[in-house]
Amino acid sequence: MTTDTQTRKSETPATSQYKPVDGLLLEVEDLRVEFHTEDGVAKAINGVNFDLHEGETLAILGESGSGKSVTAQAIMGILDMPPAVIPGGQIRYCGQDLLTMPEEQRRKTRGPEISMVFQDALSSLNPVFPVGWQIAEMFRKHRGMNKSDSLERAVKLMQRVQIPAAKERVKAYPHQFSGGMRQRIMIAMAIALDPAVLIADEPTTALDVTVQAQIMSLLQELQEERQMGLILITHDLGVVADVADKIAVMYAGRIVERADVFDLYRQPAHPYTKGLLESIPRLDQKGQQLAAIGGLPPNLMRIPAGCAFNPRCRYAQDICREERPELLTVAPGRESACHFAEEVLHG
Amino acid sequence: MTEASTIAVSAETGAAPGGDVQQDKPRSLASDAWRQLKKNPIFWVSVILIALFVLMAVVPQLFTSTDPNEAILQQARERPSLDGPWFGRDIQGYDIYARTIHGARASILVGVFATLSTLIIGTALGIIAGFYGGWIDAIVSRLTDIFFAIPLLLGGILFMSVMPNDQNTPYLVVVGKVVVVLAIFGWPGIARLMRSSVLQVKPNDYVQAARALGASPWRIIRSHVLPNAMAPVIVVSTINLGVYIAVEATLSFLGIGLTPPAVSWGVAISDALVGIRTTPHMLLFPSLFLSLAVLAFIMLGDAIRDAFDPKSR
Amino acid sequence: MYKYVIRRLLQMIPVLIGATFIIFYMVFSMPGDPTAGMCGDRGCSPAFVAQFREEHNLDDPFPLQYAKYLGNVVQGDLGTNFRNQSVGFELEQRYPITAKLALMAIAFEAVIGIIAGVLAGVRKGKFIDNLVLVSTLVVISIPVFVIGSVLQYYLGVKMGGQIFPVTYDSARPLQSLILPAFVLGSASIAYVARLTRTNLVENLRADYLRTAIAKGLTRSRAIGVHALRNSLIPVVTFIGADFGGLLGGAIVTERIFNIPGVGGFLFTGIRNHDGVSVVGTVTVLVLVFLLVNLLVDLLYGVLDPRISHD
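Protein chains in written order, with UniProt numbering: chain S, 1 to 347; chain P, 1 to 313; chain F, 1 to 310.
Extracted from the complex, chain S is given alone in its bound form (with noise of 0.2 Å):
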């Protein structure tokens, strides 16, 4: 648990030791975590693939306990361990498995190569220092600089995203900052180190309407700027739509839809994508009732057999029930896993 800092801070600022190969970033193969608690095991994820390349966004999209979040945290090496394990699945960073590294390689990867923005930047910053001197923590940890220069930097980042009179705010503490500002500042910590991924989980959440757009539009730019591969959780179809490039729909910790944003929105695969954008309130359906997926998510702990979703879904058939379906190709660039897939996607 103990480094030491004097080493560190010898290190001159590297060039990456990470080089992806065709521009692929992040393979993620059959990950699978679950949470060890006293009133049994929760299956979180339970086998996700997906690919990253350099300058692509992935949208995950999924309801609370879907396991978007774990997917992240397990990426970034954050979760809680116990209760939670990974019990099998590889994160490849460059084609090096993330999972097996030594822990010190891997808490040096968080930062300059992999980094994160939390949904509530309130609570996800330190209260009690300055937002500057946040920002500059992962200069003179990870790059060894001086107090000086590393609040310099902080104060470039503090004006790149768009904050007014960094200068003078730089010395402020988080509670003093609106919401959308704190997450500016979340952000430019997270990029502060120039990553190759940026994982960003219910970045707009927590903020009004209008902010949303700003941040999202901020995160876009940043993102084309610096041809990060960005990885945006959500569960707001109207947060991805103009951003992503592809989505993943997850359902009870695995991947149901897999399709670029254009095809999914309008076309669905899966009954449970369609279920989602039909919920959306549209203005040209004004007056009609709003449909919304009957019923819950299922328990972690007991997760239905054959198609998690079939208790919940109009297409169910005995077959949902007893056997289930694997995330498969059906038609060009168009990923599903539901026995009915081609009846939902021309339906």
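Hints in this document: simulated from the structure, not taken from any laboratory.
Just so it is clear, the structure is predicted and the values come from calculations on it, not from any experiment.
Among these hints, one or two may not hold up.
[Stated by the list, open to error] Rough simulated footprint, nothing fancy, chain F against chain P, three-plus residues with beta-carbon under 8 Å:
1. 134–145
2. 252–258
3. 295–305
[Said to hold, decoys possible] Below are the SDA-like pairs computed for lysine to any residue, each with C-alpha atoms no more than 25 Å apart in a straight line:
4. S:141 with F:207
5. S:141 with F:229
6. F:126 with S:80
Where a beta carbon is used, it is the ideal one built from N, C-alpha and C, also for glycine.
Put chains P and F on the given structure of chain S with help from the hints.
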């Protein structure tokens, strides 16, 4: 998740419409806490210890038939042994076991009555201040500050030294004085706790609604304020009980509490310190009992706190 | 900030007046003769009694007595006791010793208490955690005069007083105070350890700690800087609030180790039924207690930027 919110939730279940609050609470905070407590071995250990000490205080004859005031000078300083007096004898030839058993009474009396008095004074003043607010609150709060500014032991020393005891002062009078001084300087903590509990509950909709419906202040206090505030007050009072026992012994040690012909742990320890070199057993047993009594109340308070604090689950 | 300090100081005035009134009332207006017991078993001579009552305005109506006393206190005159010692002068001589004792006790509280609390909190549920929890409970439940006497015997007397002098030795004042300060702080060390542990455990679950790990900080930095800094805020408050208990404990400790501090003076005053000394000493102690509380509140504002004193 927070303590306040859970307590607030339980208050809502407590405010069953029209009915008597005490009935029909299938999963109130109190019964939840009780189920939690039952599982906690520390709770049972402290309860058993406390029961033993209380029994010792009430009927010491159950534990020993030896007269604590019977001195056998020839056997003075006798070491503890299984066939003689279990805990040995002190410099004056008293049976230490008998004296330790009989000594429980002073500590338990002081602890119990000082706690009850602070509870009554503190709760009453805290509720009045919090509930009525305005100038009443201002006066009571300043009064609380004033008494809070005098540390307990300092107040005790002062009080006991201006009303000195001598060897002829009856036992119960001395115990009564200690109770009075602990009550005088111990209530502000409870009052502050009570006041903030009231202020926390008062703005809630169900209290406002009860007021609007014309419920009397007493009824609102009884059915809404007290159930909420009781948990922290009980925890603090239980721990204080241990503190009061220690203060009583300290006053005896300083020579201004109970004095020699009286049998108490504080007096026994004070006497024993003189001969710590030759008769360490004189010190050991009363200290052990005193510490166990204090410990039992602190552990009980801790256990109750854990049971009421959902964060610890 | 300045406004806050001034407001707090102003608020302190009624509290101080009230507290001294209670003290004064208890000593001089209770039934009974304040000179009783002053002159040993034979009783005081009528001349002495008359002089005493005259000097302390005891024949004035009570509010006037108090007003006169308070007037003197404001001018820094705490009165003269029956041995013709100036209480103010005595306290001035003794205060530095008690202050050293209290500061050393607080240092023990802070250093040992926080280290033990951190060790326990970081290894929650493990052996060291249970060890700290049990041993602190034991220390809390043993009264300070027992701990003091036992340690005095085993670390002082038995070791010949070389390392820890048995009683106060004015030739080596600081060394003489180490053991007494540890004894005085013992219960608070235990409380600080428990409080640090509880708060640390809570802060280890906080979102900002997750951020600290996600920033790629070492575990020791995340805990030692980010979590600890937050965990210590209530600990500082406790140390301040506990200061009153420390002053009370100092009387006991100074008595055991025969330290010529304020506590010893107070104790002698009690034993000789010397009301003037007792009132003066307690008044000063209460004043110090209130000032320390103010200081702690200000410090709280510095430690926790969310608290505003404007």
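- Could you tell me which of the numbered hints above are not met by this structure, giving the numbers in increasing order? The structure conflicts with no hint, since it agrees with every one listed earlier.
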